[in-house]
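> Below, each chain spelled out in residue letters.
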Amino acid sequence: MTGPELLASLGKLFGAKLQNKTEFRGETTYTILPTDLREVAKFCRDELSFDYLIDITSIDNFGEEPRFEIVYELYSMTLAVHLRLKLRVSEEEGAVDTVSDIWPTANWHEREIYDMMGIKFNGHPDLRRILMWDGYPFFPLRKEFPLEGLPSEMPDVAFTKSAPLEGGPFVTQPSTATAKDREPRAHPPEL
Amino acid sequence: MFAVSEILPAAYDSKIEGNVIFTRFDAALNWVRKNSLWPMPMGLACCAIELMATAASRFDIARFGAEVMRFSPRQCDVMIVAGTVTYKMALAVKRIYEQMPEPKWVIAMGACASTGGMYRSYAVLQGIDQLLPVDVYISGCPPRPEALLAGLMKLQEKISGEKSLAAQKPELTKKLNELLA
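Sequences listed follow chains A and B, in order. Mapping to numbering that gives the first Met the number 0: the first sequence position 93 is 92, numbers consecutive. Mapping to numbering that gives the first Met the number 0: the second sequence position 45 is 44, numbers consecutive.
Keep in mind that a hint or two might mislead.
To be verified - SDA-like cross-link-like pairs, simulated, lysine to any residue; straight-line CA separation at most 25 Å:
no.: 1; chain 1: A; residue 1: K160; chain 2: B; residue 2: S138
no.: 2; chain 1: B; residue 1: K157; chain 2: A; residue 2: D180
no.: 3; chain 1: B; residue 1: K157; chain 2: B; residue 2: K87
Rather than coming from a laboratory, the hints here were simulated on the basis of the structure.
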């Protein structure tokens with residue numbers, strides 16, 4: 000089976016479950032329902048030879064409904080074909096089924112999404128934060144979270160403070176001093 | 000014998016005194032300390048690469064007596080915080096500093112350790128001086144090895160002006176001052 004045939008067979012078998020199909024520069028993207036995720040994922044791995052889950056990412060479409068979007072990037076080692084699966088999750092629901100038993104690499108990807116955006120994964124064997132520490136109260140990659148951060152305190156573990164932004168994330172004060180004055184290594188030795 | 004009189008306020012005449020040197024206790028103690036600083040390499044980001052280059056043969060931090068990088072804080076005098084201190088790492092850095100024996104000094108190497116650098120972010124401590132008493136700040140992103148050596152020389156300069164005996168033995172100093180008065 001070649002790549003295009005493979006993707007066509009997916010479309011045929013899951014016709015009703017695939018919400019939307021887009022092609023862009025040879026990349027195929029299917030939008031599916033969260034309830035169909037595990038069925039589609041298992042079929043992709045077992046029948047269509049998508050044996051490699053490259054990445055899982057999440058998108059916060061703040062202000063839209065459903066708010067969150069999760070993107071699965073699949074790859075078939077045998078046929079060298081990419082496939083992208085997308086699904087939308089609302090904020091109230093806030094959870095999708097795990098695929099960590101289908102592709103073990105999903106374990107840490109799902110933990111990262113939980114850590115950064117607060118989307119839970121039903122059936123995940125070890126859904127803890129992966130970058131921030133246990134007890135950190137925010138989800139930093141959500142759109143409503145300010146860039147400079149929010150203060151928090153977790154005694155004996157870690158604390159955070161808001162970073163001073165001085166009017167913007169990348170503001171510099173122009174200086175009239177020459178490199179000779181600014182660079183300590185340019186000074187003559189004083190000892 | 001070495002020519003101590005050139006660098007220390009000492010009175011020494013080899014014809015009269017042989018191997019006897021007169022100097023202030025603080026001056027002798029500081030001279031010993033500043034020329035044998037054992038660094039704690041707190042390498043947290045790319046500054047650590049420059050720290051390693053400083054220790055290697057081309058720049059050779061051994062010329063300043065600070066080549067003995069120790070990975071146990073209990074054997075260190077100066078912590079070189081080289082790199083981005085995240086909030087997750089911040090209290091660990093503080094704990095390692097607290098495990099270092101007195102007297103101890105801190106060099107904040109590079110923009111990140113000094114101020115948070117380009118990371119105006121929820122995840123990065125905005126300068127290690129929020130947790131530790133920093134003695135020398137070194138600019139640069141990352142600083143070149145020469146800048147680190149210049150910072151080390153600044154620290155040596157600072158150490159040579161310290162009142163070491165008074166800091167270490169306050170009661171003895173008080174008693175001596177009373178006797179001399």
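> Verify the proposed pairing of K160 of chain A with S138 of chain B, using a straight-line Cα cut of 25 Å.
OK: K160 of chain A and S138 of chain B at ~23 Å, within 25 Å.
> Taken at face value, is the distance from the CA of K87 of chain B to the CA of K157 of chain B at most 25 Å?
31 Å, violated
> Check the hint pairing K157 of chain B with D180 of chain A against an upper bound of 25 Å on the C-alpha distance.
21 Å, holds
Violated hint for the displayed structure: number 3, the only one.
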